[in-house]
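Novice: Listed below, chain by chain, are the residues.
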Amino acid sequence: MKKVKSKVRCKGKQQLPEVVQTPSRYRNPIGKFLVKRNAKCVSCGLCAKLCPYGVHVRSGKYTQPMRPLEHKCIGTKCQANDFYCVKRCPQHALSVKLNPILDTIGDYRWSSEMILAHWHMAETGTLPSGELEYRLGYSNGGFDKIRFRIPDPKEYLDIPDEEIDTSICLNKRNDGRPVRMISHPCYGGGMSFGSTSLSVLVGRARAAKRLNSFTCTGEGGYPDAFVPYRDNIITQVATGLFGVREETLLHTPMIEFKYAQGAKPGLGGHLLGDKVTPEVAKIRETVVGSSLFSPFPFHSVYSVEDHKKHLDWVKEVNPRALVSVKVSTPSDADMVAVGSYYAGANVIHFDGSYGGTGAAPDIAKKNIAMPIEYAIPKVHRFLVAEGVRDEMCFMASGGIRNAMDVAKAIALGADGAVIGTADLIALECVRCSNCESGRGCARSIATTDAELGKQISEEYTEQRLVNMYSAWRRQWCELLRQYGMRSIKELVGRSDLLVNMDYLDEEERQAYQPTPKKKLVL
Amino acid sequence: MPKKYSIHAHKTDPRFPPIGKYATVEFREDCAGSCRQCVKKRCVFHIFRDNFTHWSTMSEPEYLYTCKSCYRCVEECTKGIFSLAINPEYRTLGDDYWKAGIINSTWAQAHTGSIPVSGAGYRGPFAAEGFDSIWTDMSEIVRPTRDGIHGREYINTMVELSKRPMRLRFNPDGTLASEEAPVLEIPLPVVLQQPAFGVLSKTVLLAMAAAASSVGTLLFIKAEEYTPFFSPYAAHLVPCVTKDTYARYADLIKGSRMVEIAYGPGLDEALSGLKAINPDLFIAVGLPLDSAAAGRAGELARTCVDTLHLTGSDYGREVGTDNPRHLKDMIRDVHLALVGNRIRHRINLVFSGGIALAEHVAKSLICGADAVGIDLPLLIALECRLCKRCTQGKRCPVKLEAVELDWGKNRIVNLLAAWHNQLLEVMGACGIREARRMRGELGRSMWFDDLERDSFGPVFGKRKVTGIG
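Protein chains in written order, with numbering that gives the first Met the number 0: chain Z, 0 to 521; chain E, 0 to 468.
Be aware that a few hints might be false.
Taking lysine-lysine and the PhoX-like style, the derived pairs with C-alpha atoms no more than 20 Å apart in a straight line are [to be verified]: (1) 242(E) to 274(E); (2) 201(E) to 453(Z); (3) 76(Z) to 48(Z); (4) 78(E) to 39(Z); (5) 40(E) to 201(E); (6) 398(E) to 387(E); (7) 516(Z) to 398(E); (8) 365(Z) to 98(E); (9) 518(Z) to 398(E).
Covered stretches of chain E (in silico footprint by chain Z; criterion: 3 or more residues with CB under 8 Å from a CB of chain Z, positions within the stretch not fixed) [what the hints assert, rightly or not]: (10) 113-120; (11) 261-267; (12) 452-459.
Simulated from the structure, these hints should not be mistaken for laboratory data.
Here a beta-carbon is modelled for each residue, glycine too, at the ideal position from N, C-alpha and C.
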């Protein structure tokens with residue numbers, strides 16, 4: 000596939016925000032391994048001295064050892080080390096074994112190990128050193144079948160992370176609107192006030208500010224708490240038009256028209272009644288406790304011409320804002336992309352069918368529209384053939400779970416990715432899928448309940464996200480170094496660097512990490 | 000425009016505690032017992048409090064409201080004595096096709112009449128064999144969707160099971176000269192079918208008949224099961240007979256709108272016999288979904304038969320072979336054979352066997368069916384666990400024999416309401432507002448093989464594995 004050269008030179012200074020240890024909100028974080036200490040322990044403290052990962056902790060002068068911090072344990076891999084606590088314990092009081100609770104966590108797309116690894120990244124800003132597989136899930140298709148080609152060691156570029164450019168440009172049109180750079184090839188996907196707690200939303204905005212990136216209001220309007228971070232918040236205009244007012248369009252550096260969402264393509268947004276609290280109802284100008292089903296489609300858009308009128312309208316309202324068009328992935332995704340280009344969009348954002356949501360019919364999540372893996376090369380090729388690829392920023396989302404998925408999406412042809420679920424996983428979401436009902440999320444993330452919502456803070460959210468993206472950046476930097484690249488923009492459309500396990504001979508396949516397979520009970 | 004059709008659901012609680020997915024595990028020996036911060040008291044979903052109440056007296060059943068796997072008890076217990084496990088009983092529920100998740104979701108739909116809605120994204124495999132290798136299309140900007148959900152735009156799910164006249168004749172004054180052909184319509188492309196096993200007590204079958212009557216569809220039922228108790232629902236019953244037995248049920252046939260006769264030698268004679276008993280009778284022919292099905296469909300399309308009812312295995316596969324093809328491919332075969340012979344419009348096709356989810360209805364239509372028949376989901380709606388103990392003469396764990404008529408009817412109606420609304424979701428997204436337009440509309444679907452070839456082919460070359468991989 001052709002390498003794409005950007006006509007507009009986008010220069011941006013990379014900012015690397017500080018990583019700060021941000022531990023779990025919970026007393027007993029879940030780990031892949033169980034570390035048990037039995038009654039033979041005499042509190043000699045040797046294990047605490049030995050373990051470099053901080054599993055065994057002695058608190059000050061308190062003689063009794065604390066319960067092991069199991070989530071920090073690297074597991075049986077540690078057997079090879081001199082400091083392996085189980086082997087060195089003089090009383091043979093310690094044991095390490097696989098935690099059976101892993102059978103209950105996660106699913107085919109977000110495996111239990113991928114979830115735990117992202118908790119680790121969000122806590123420490125580093126990659127897990129243990130046996131956690133954080134790049135591949137059990138879905139047995141799409142990104143889980145795609146690998147980066149084994150690099151030529153001669154191409155390795157030995158430069159530090161700071162010298163690698165992971166920024167992308169959101170406006171390549173040279174249309175008189177600002178050239179906006181973001182420091183990572185990702186920004187935050189729309190989450191509405193109503194679907195998600197305010198502290199999480201504001202925390203995401205604070206993280207976006209520190210990361211020099213964006214987050215998005217979603218469909219739920221523009222709470223006052225967003226105003227201090229308005230330079231980093233995208234205002235979404237969705238079919239329900241909740242909270243869309245002139246001032247919220249004027250606040251923003253980018254306006255996103257949400258035509259569709261990957262988790263429920265062809266359907267409007269859902270906010271079930273229990274989550275429509277007085278605050279949510281006020282901002283959305285609706286009735287407390289009444290379920291909100293947004294219409295579909297925009298009833299003012301039934302053609303590409305109507306679509307252009309929409310974009311002209313917001314461009315007229317805010318002459319400095321970029322315009323993004325968020326659509327899902329129909330069979331004619333390529334036509335939609337070109338239509339959006341001619342309508343004047345700066346960013347075309349495709350949200351694939353396996354994307355996240357606060358509430359969506361199960362039948363829609365599974366069955367409607369195509370996975371993003373198929374849409375990216377299709378759209379990229381078409382935009383290249385039309386000669387407009389260099390002028391569009393193409394963002395992909397919907398089932399892009401981790402740093403390697405982002406890199407694969409870029410190599411397939413996107414400029415970057417829009418991230419939603421991974422942000423929530425960083426905040427210790429377990430993907431239990433109960434965001435939509437009753438008081439909402441028991442883990443205080445996707446809830447508008449006054450009591451539950453207080454159990455998560457803006458500071459925690461901000462730092463956990465900064466940490467996770469710092470860990471992601473390390474992965475991108477290492478990948479780029481392997482291929483002798485200095486900028487992630489060089490990776491766009493480099494599908495020649497990818498292989499798909501199903502398209503290799505058996506012998507070639509042996510050279511790559513096998514596709515993880517596991518039968519889960521869903 | 001026809002009158003708006005909707006199925007009214009009535010919440011109908013289960014009689015037995017449904018089997019939930021998660022089990023909490025406590026290691027009691029480590030519990031201090033007096034920390035005063037016991038997570039059991041602080042459970043957001045109150046599962047520990049409500050478990051003291053006997054499930055059967057709870058107005059809200061266990062599986063919807065108890066453990067939701069939020070892990071807060073596991074992570075917050077001051078002594079770390081909690082863990083979660085998959086409920087061993089849940090693991091044994093169903094099989095590889097009728098998965099525990101499908102059974103659980105069917106129970107919930109039969110209980111509430113609501114479509115399953117959840118948070119977070121899709122959790123399953125990327126693609127799988129059969130219907131899971133098809134995605135339905137959606138429309139966007141250049142071809143808008145239909146906002147059919149909640150009836151904001153009307154989407155018609157009615158289909159016909161009667162033969163359509165091939166042409167109309169008109170008088171010189173423009174009035175219709177042809178006789179108006181009788182029409183048999185059902186308001187949603189789903190018919191009910193007597194399951195091949197299960198505790199099929201009189202009340203269970205009556206509940207199915209009552210549900211069919213309530214939503215306006217048909218129940219295909221063995222003629223020998225008919226008793227006078229079924230007479231209120233006669234207009235919605237399709238007695239299934241054979242060439243040897245139909246004469247015995249002449250009275251029943253006279254009072255029926257449609258009859259199904261099993262395919263076999265001497266069928267022509269039987270068809271004449273049926274028409275002789277009731278000239279206005281619509282006729283369905285029941286035949287196995289085997290390798291000869293497409294050929295037989297071609298023959299039968301040229302007869303007076305209105306509808307073919309083709310039945311595959313309970314697992315959505317071809318029958319009569321050691322290497323069975325999937326239902327989706329079989330539907331395509333039969334449909335395309337008729338299209339190829341330019342006789343598809345002469346006959347209607349109903350496919351049964353392995354229709355387990357609402358999405359299977361939409362995908363079957365896209366593959367070429369006019370309607371589908373459902374059997375096992377009816378039993379599951381009545382709390383059946385598909386344990387098949389009944390086939391060995393053992394007692395039913397959920398006492399299906401004791402089902403009350405209204406309760407059973409409501410549970411099945413609820414399931415159909417949920418399926419109907421899910422069909423509307425898919426059709427709305429497709430931008431299709433007539434179920435009849437869905438038939439064979441492959442352009443509104445995307446298939447795994449095609450997407451791999453068209454999208455990944457130019458990137459990765461030739462695919463070197465077969466199937467899903």
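Novice: Run every hint past the structure and note whether it holds.
Specialist: Hint check:
no.: 1; hint: 242(E) to 274(E); in the structure: holds (13 Å)
no.: 2; hint: 201(E) to 453(Z); in the structure: violated (55 Å)
no.: 3; hint: 76(Z) to 48(Z); in the structure: holds (19 Å)
no.: 4; hint: 78(E) to 39(Z); in the structure: holds (19 Å)
no.: 5; hint: 40(E) to 201(E); in the structure: violated (46 Å)
no.: 6; hint: 398(E) to 387(E); in the structure: holds (13 Å)
no.: 7; hint: 516(Z) to 398(E); in the structure: violated (39 Å)
no.: 8; hint: 365(Z) to 98(E); in the structure: holds (16 Å)
no.: 9; hint: 518(Z) to 398(E); in the structure: violated (32 Å)
no.: 10; hint: 113-120; in the structure: holds (count 7)
no.: 11; hint: 261-267; in the structure: violated (count 0)
no.: 12; hint: 452-459; in the structure: holds (count 6)
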